[in-house]
Structures are given as C-alpha cells and as structure tokens.
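A.B. asks: The listed protein sequences correspond, in order, to chains C and X.
Start counting the first sequence at 1; every next residue gets the next number (our numbering).
Start counting the second sequence at 303; every next residue gets the next number (our numbering).
I should point out that these hints are in silico values taken from the structure, not numbers from a laboratory.
Treat the hints loosely; a few may be bogus.
Output of the computed footprint for chain C on chain X, the stretches with three or more beta carbons under 8 Å from beta carbons of chain C [what the hints assert, rightly or not]:
no., segment
1, 328-335
2, 341-354
3, 422-429
4, 460-471
Being a predicted model, the structure only gives us computed values, none of them experimental.
Just so it is clear, CB atoms sit at the ideal spot from N, CA and C, and this is done for glycine as well.
This is what each chain is made of:
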Amino acid sequence: MTGLLRLNHIKRLWPFYLLAAPGILYFIVFHYVPMWGLLLAFKDFSPFIGIWDSPWVGLEHFRDFFSTNDFWLLLKNTLLLSFYNLIVFFPVTILLAIMLSELRFSLFKRVSQTIVYLPHFLSWVVIYGITISFFGPSGVINHVLEDWFGGSANFLISNDWFRPLVVFQAIWKDAGWGTIIFLAALAGINPELYEAAKVDGANRFQNIWHITLPSLKSTIVILLLLRLGSSLDSNFMQIFLMTNSLNLDVSNVFDLYVYHVGLEQFNYSFGITVGMFKSVVSLILVLAANYAARWMGEDGIF
Amino acid sequence: MKLKRISAFDGLNVLLLILFSLTIILPFLYIIAVSFSPPSESLAGNFYLIPKRLTLAAYEYLLQAPTFLRSIRNSVVITALGTCVNLIISITLAYALSKKFVPGRRIILLFIFFTMIFHGGLIPNYLVVKNLGLIDSLWAVVLPAASSAFNIMVIRTFFQGLPESLDEAARIDGAGEFRILFSIVLPLSKPIIATFALFFMVQYWNEFFSAIIYLNDTTRWPIQPLLRQMVAIGSSNISSEAALDASLAAQLGPNVQNAAILLAMLPIIAVYPFLQKYFAKGALLGSIKE
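Work the whole structure out from these sequences, hints included.
C.D. replies: Written out as structure tokens, the structure reads:
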C-alpha cells in the first residue's frame with residue numbers, strides 16, 4: 001500500500017520537475033556557470049592555453065587593479081553618476097508622482113500618464129539618436145544657440161556636459177515610469193485622512209507635507225536604500241553609447257572599463273577581476289541595504 | 303452639477319505637467335519633421351518644428367536599402383524567437399514553483415533569487431556564450447536573456463493566486479498535469495501571458511549590446527546596433543570602428559538618420575497602447591517577496 005502511494009506520488013510529481021527543467025538549465029548555464037568563471041580572476045587566463053591549464057596568479061590582478069590610477073578615477077566617476085542620479089533623478093520621480101496624483105481632471109491625468117510613461121519603452125539607441133539630433137554639432141539646440149545667442153556648444157564631446165546630459169536622459173526616459181511605484185503606494189492612502197485635513201482647514205501643500213509624503217515614507221526609504229546598494233552599477237547601455245575619447249575622463253565607469261579591458265584588449269583575467277570587484281562590493285552593499293531597511297522598521301527588500 | 307474650483311495650485315500643477323509632457327513630445331515632433339525635410343534645410347537650421355519643404359526621400363531610401371531591411375528582418379526573427387522561448391521557460395518554471403507540494407521548491411527559488419543580487423559579469427557571460435559556439439548566431443542574442451528571476455517571481459505570484467480547488471478537481475477527474483496546465487491554468491492566465499509577451503517583445507526589439515559583442519558578422523545585426531552606426535557622430539566611440547561609423551553617418555544625412563530612428567521605434571509605439579492597458583492595472587507590481 002505504501003509502495004503504491006509513493007508510486008502515485010512520483011507519478012504526480014515528475015511533470016513538475018520536467019516543467020521546471022528548461023528554466024533551471026537556463027539559470028545554471030547563463031547565471032551559475034559565469035559565476036564559476038570568476039575563478040579566472042585568480043588565473044592568468046589565455047584562450048590558447050585553456051581555462052584549466054592557465055596558471056594561477058593569486059591576487060596579482062587585484063593588486064594591479066587597486067594600484068592603478070584608473071581605479072580611483074573609475075570609483076569617482078561611477079559614484080558621482082550614481083550620486084547625481086540620486087539627488088536629481090530620484091526626487092524628480094517623487095515630485096512627478098505627487099503632481100500626477102494631485103491632478104483633479106481625470107482625462108488630463110490619463111493623457112499625462114500616457115505621455116510620461118512612453119519613453120521608458122524606447123531603446124537607449126533610439127534615445128541616443130534623439131540626443132544627437134538635439135545636442136549634436138548640427139542639432140536643433142545648437143541652431144537655437146546660434147540664432148539667439150550667437151554661440152554653440154560641443155555637448156556630446158565635452159567633459160563638462162557629460163554628467164548633466166546623462167542625468168537629463170535618465171529623467172527623460174525613466175522619471176515617468178518611476179512614478180508608478182509611488183502612485184501605487186498613494187492609491188493605498190485612506191481618503192478620510194484628506195477629508196479630515198480639509199475639515200481642519202489644511203491647504204494642498206499642508207496635505208502633501210503631512211499626509212502624502214509620510215504615506216510614501218516606506219517606499220522612499222526602500223528605493224533609496226536599493227539605489228545606495230547599487231551605487232557601483234551604472235546604466236551601462238546609456239554610458240556605452242554616450243562615451244567617447246573626448247569625455248572619457250568623466251564617462252569611464254567600472255562597467256565600461258571591464259568592456260574595454262576584457263573585450264577590446266582581450267585581457268580577460270583583468271577584466272574579470274574588475275567585474276568581480278564590482279559584483280562582490282555590490283552584493284555586500286545590497287545585503288547591507290536590506291539590513292538597514294529592516295533596522296529602520298521597514299519590511300526589507302527581501 | 304458640481305463645478306470644480308480651480309485653485310492656483312491646480313493651475314501651477316497642470317502648467318508644470320504640460321511643460322514636462324512637452325519636453326517628451328517635442329523631440330518626437332522634431333524627429334518626424336527632420337525625417338521629412340531635405341538635409342540642406344535641417345543642416346542649415348532653417349526650421350525648428352515645422353519643415354518648410356517636404357520630401358519622402360529618406361523613407362524611399364531606407365525601405366529599399368538592403369542593410370536596413372536585413373537588420374529589420376533579423377530583429378523580427380530575434381523578437382519572435384525570444385518572446386516564445388522566454389514565455390515557455392518562464393511560465394513552465396514559474397508554474398512548477400507555484401505548487402506548494404513540490405519538494406525542493408524553496409531551494410530552487412533561493413537559487414533563482416540569488417541571481418538577482420550576484421552576477422558573474424560581462425566577461426564570464428561572454429566566455430560562456432563563446433564556448434557554447436553561439437558567436438554570430440542569433441541565438442546568442444536570444445538565449446542569455448531567455449528568462450529572469452524577476453519574471454519568474456512575478457508569474458509565480460500570479461499562479462499562486464489561482465484557486466487550488468480547480469486543479470484538484472481536475473486531478474480527481476483523472477486529468478494529467480500537462481492537461482491541467484494547458485486546458486485549465488493557461489486559459490485563466492491570458493492577461494499575465496499577454497503582459498509578459500508584450501514586455502518580452504519590447505525587450506528583444508530593443509536588444510543592442512549582446513548583438514554588438516556576440517555578432518561579429520554585421521549581416522546578422524538586428525536594427526539597434528545598425529541604428530547606432532547610422533546616427534553615430536564623429537568620435538562618438540573609442541574603438542577603431544568609430545571612424546567608419548562616423549563617415550557612414552555623415553553620408554546619410556539627417557533625414558535618413560531620423561527616419562531610421564522613427565522606424566526603429568515604430569513597433570514599440572504600435573504595441574504601447576496595449577502595454578499601457580496592462581501595466582496601468584499594476585500587473586507587474588506583483589510582490590517578489592517570498
């Protein structure tokens with residue numbers, strides 16, 4: 001009887017493992033095998049010798065990496081971009097979400113949302129193309145500058161304009177989309193709070209300050225911590241497209257450096273070393289962010 | 303009828319939102335205008351938004367340019383393949399993991415979740431694709447992005463929300479597990495399948511970087527890398543290909559470049575109304591928390 005039961009049980013379970021198999025295989029091949037490849041950071045990998053026979057070199061690549069001037073420049077560029085996004089992009093999304101939620105004309109609200117969400121779905125290449133049409137040497141911005149002020153600017157090949165332009169692109173593409181998570185949180189606010197505030201004679205700004213913003217606190221704290229946790233991640237597609245030899249002093253970030261060293265100069269082991277440094281620090285930061293969220297009495301990210 | 307009293311607050315709010323919306327809309331209008339103008343007009347800056355002379359030359363050129371058409375065809379193949387593969391892998395795994403009676407499910411979930419916070423990174427990924435012999439194959443663009451932890455978690459949460467009594471009843475009636483999945487669960491999951499199908503389509507149509515690193519043979523390129531080459535300006539890239547890119551771009555003229563930008567985003571604009579219908583319902587805000 002027990003044998004029959006067990007047989008029944010297995011007969012019922014194997015289809016689930018069969019269904020799960022392709023997905024598990026995918027995660028092994030395209031996510032776990034590459035983690036294994038991180039070992040190459042401790043070897044002097046040459047494709048001609050092969051992964052196994054390449055000699056171990058211990059921490060040599062790490063020592064080399066940390067002793068270069070590149071390291072400090074990359075760290076500075078990466079952190080500055082994250083910082084500018086944090087202090088400009090992030091507040092803009094919150095502000096935009098509050099503005100959308102305060103709209104009292106539903107048709108205008110729907111139209112606004114339709115417009116501001118759209119750029120999120122465009123590729124970075126398309127946005128790069130639009131940027132060139134606007135900020136390029138013969139772009140419309142330079143025509144306006146010439147017509148009205150008699151001057152022009154090299155936006156795309158300048159160290160000074162790189163960061164503002166990249167933050168502006170990020171806002172243009174994703175600020176609207178970023179409001180969704182705040183709007184979802186705002187939808188959960190009890191309308192009675194606003195009714196009560198109205199009875200007490202509060203104006204709209206007081207409503208926002210005393211009801212709306214406090215209701216967004218958990219969402220803001222969690223997203224803020226997530227952003228801090230991913231400080232070393234740059235928006236690689238965006239940077240890859242916007243970078244060039246004339247703005248490399250400010251545009252060279254860890255991700256880009258890995259690409260140049262590893263896939264253009266074929267210095268695999270050194271590229272993997274830089275990538276691994278980034279992955280490990282990011283992991284620590286995310287875990288710390290999660291811990292901090294719990295410590296602050298929030299649910300935590302996971 | 304109650305008239306809404308429009309305060310200064312509302313007025314300012316509407317004004318600011320109109321300004322923000324304009325910064326999004328005006329670039330589109332400008333791109334359209336340039337694509338229909340003779341290059342001499344836009345290069346000289348003879349107009350800002352309303353072209354003075356119209357020409358279809360850019361579209362006539364692109365719609366019979368073999369390289370451009372080939373890249374569109376590659377993009378269509380990648381998008382179709384990728385969407386199907388992604389749907390199959392993600393749905394089957396998410397479904398299996400949504401069943402509480404499947405032993406080992408928590409450890410598999412943890413195994414998948416870990417990929418969200420730790421990555422091998424660019425070069426190990428490249429070496430895997432290379433060792434699988436996928437260089438210069440369209441599968442190199444499809445397979446590495448064939449699922450993601452986030453998608454699995456969201457689809458799984460959806461499946462868990464379906465009433466268990468349904469498949470229990472079918473099981474008692476003797477239906478096999480595959481029959482239950484295909485005839486009962488999937489028909490009930492049409493909205494989430496449609497949502498993810500649309501997101502996967504957008505994801506693959508917009509795919510750019512994996513094509514750059516995995517497809518050395520530019521005849522296999524989809525539209526995005528070709529578009530970058532078409533719009534690249536002088537010294538826009540550090541690699542030695544940059545000079546080539548720039549000279550090609552200079553020959554094309556702004557009308558062709560902007561027409562290419564428009565054609566590359568056209569499929570996205572076409573599916574956008576459907577996309578919006580689903581994400582507006584918060585379909586993707588499903589919790590990824592275990």
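A.B. asks: Against the earlier hints, flag every one the structure doesn't satisfy and list their numbers going up.
C.D. replies: The structure breaks only hint 4.
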